[in-house]
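Engineer: Spelled out from the first residue to the last, the chains are:
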Amino acid sequence: MDVAARSAPSWHRVHHGEAMTAGTNHEADLVTRARAGDRGAFEQLVRLHADRLYAVVLRVSGDRHEAEEIVQETFLRAWRNIARFQGRSQFFTWLYRIGVNEARRSHERRRTRPQSAPLADAETQVPDERQAPQARAEAHELRQALEAAILDLPLDYRMPLVLRDVEGLSTAQAATVMELGEAAFKSRLHRARLAVRAAVEDFVAQRDDS
Amino acid sequence: MIRRLLAKHRFMRDHRWTQAHLSDYIDGDLRSSDRQRVEEHAHWCPECRRVLESLRRTLKGLMELRATPGESIAPGVIDRLRRES
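Protein chains in written order, with this note's numbering: chain A, 1 to 210; chain B, 1001 to 1085.
None of these hints come from the bench; they were simulated from the model.
So, partial list: chain A residues that the calculated Cβ filter (under 8 Å) puts toward chain B:
1. 75
2. 142
3. 143
4. 190
5. 193
6. 196
Heads up, the beta-carbon is just placed ideally off N, CA and C, and yes, glycines get one too.
The following block holds chain A by itself, in its conformation from the complex (with noise of 0.2 Å):
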């Protein structure tokens, strides 16, 4: 059972080849024309992929300035290099190993760690009014130590786990991602998970002693 893939939403179910559906064939058919030149056609593939993209490569530099900028530097690449792609793998997959590849070339250019942009503000997360103001409030530090442990993580690690656990991607898709195959990318990702959870446990017990 691949439990993030089950719950995942809709646009991750599209893409993990549950549903092959309108939507899906529209897409290779924006792909066919944009590897024709057909700019406009691409420029829709960049509204269909670009917010999710800009998403996991948030989680991953920790950084809103830093993300929109490989963002846009993915889809430069993307656009100069997609008579490439051959279609062997799903366009998404292609396109965010060009992201992950940007994110890496960007951390290896800053090798610091993050110092603006926190994760969980308004922006990005919508309260759930239905908890009770003191599990809302826990709920979020817990939010806020999730984030901070995912950024302690080497981005090797890093990265497999953004897009496995938190963005949804199969075990599969992820490892294609990565360029890995799936039994190095599991090792990856559970050595990231057991890390994650070594900090997230810390922090419930500092917590729960305070």
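Let chain A serve as the given structure and place chain B on it in line with the hints.
Structural biologist: Structure of chain B alone, referenced to chain A:
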């Protein structure tokens, strides 16, 4: 005495194996006999039970981090594409 040592050895071997396969267990990637091995060991091992439960909690929390940007960044990407291509 020997029987106890063998049991301890088997327990530790299963412990290491279980710790290494907890993600596969949660993801449903183990065949039935291996699932059973995890479950039998976790039944007797409080540490593996605790790690398994907290891993599940962590994964639930990670899934809940998924968010959609408030404002689409697509127009900015398209502007740059038009400028630079």
